[in-house]
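Use these hints to put chain B onto chain A, whose structure you have.
Protein chains: 2
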Amino acid sequence: MINPFTDEYFMKKALQEAEMAFEKGEIPVGALIVIDNKVIARGHNLTEMLVDVTAHAEMQAITAAANFLGGKYLIGCTLYVTLEPCQMCAGALYWSQISKIVFGATDENRGFTKMGTQLHPKTTVVRGVLANEASELMKRFFVERRK
Amino acid sequence: MINPFTDEYFMKKALQEAEMAFEKGEIPVGALIVIDNKVIARGHNLTEMLVDVTAHAEMQAITAAANFLGGKYLIGCTLYVTLEPCQMCAGALYWSQISKIVFGATDENRGFTKMGTQLHPKTTVVRGVLANEASELMKRFFVERRK
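Going line by line, the protein sequences match chains A and B.
In case it helps, my numbering puts the first sequence at residues 1 to 147.
In case it helps, my numbering puts the second sequence at residues 1001 to 1147.
Since the hints were derived computationally from the structure, they do not count as laboratory data.
There is no bait here: all hints are sound.
Covered stretches of chain A, as calculated for chain B (at least 3 residues, CB under 8 Å):
1) 51-61
2) 109-120
For the chain A half of the interface with chain B, some residues (derived, Cβ under 8 Å), not all of them:
3) A66
4) N67
5) G70
6) A90
7) G91
8) A92
9) W95
10) S96
Predicted, not measured: the structure shown is a model, and the values here were computed from it.
Glycine is no exception: its CB is placed at the ideal position from the N, C-alpha and C atoms.
So that you can see chain A by itself, here it is in the shape it has in the complex (with noise of 0.2 Å):
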């Protein structure tokens, strides 16, 4: 039996969230929080909407899985979000314990794995899952800044 229920399955909806943020003239992240193959949390970047440099997708998606689950702590989740995590989201996620980290393209200025930014000694971390469809969406966005 094929399970359809793949890393690509959950970043394809992380990546519409990421198009939500794009509409709203957001830079393009999306995230979702899944536990037993089932969608508990969306988010996309707000930071310009909410006026607040806190309010990107990771964080809160972290807030409301967190609010679902009626826990604090993200043990047997996993996070899919189109764009590697920055220091602050990453330093959230290492304070939640999630289980499974799954990013789409590499922030190579601003990623966790750049800043040095360290996750909790169980979060396992999956790179690259559509990272080209991630990556295409965020040079679109700025190419149409731009103009």
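For chain B alone, kept in the frame of chain A given last:
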């Protein structure tokens, strides 16, 4: 003329915020953000009450200050916080481009210095203001919690 608006003056107010967290059974950390000697945002740790790892004192103060200012950048502002910020909060402060961070007690395990989190290049840092008072409050909290 004596300037009453010293770092100690504002840190005392941050300690009052930390006391409020203590009374709610939260790890006692308090923060405030000041511009031109005026307090524009306050926060204290609410991770237990809000069931949210992102609800650190600093995060709430950053959001509140941006809301007050009507802009997401905190240039010209100073954050006073009783405990050294963690990776997440330092990462948020990086994005905010805040001008100055004053903290009390050092967090030798999870503070941004130990963790290697990068602040914005224009941010200056003052360490150890009323550090003993902040440390004593933390110690008292953990002693009481063990009972």
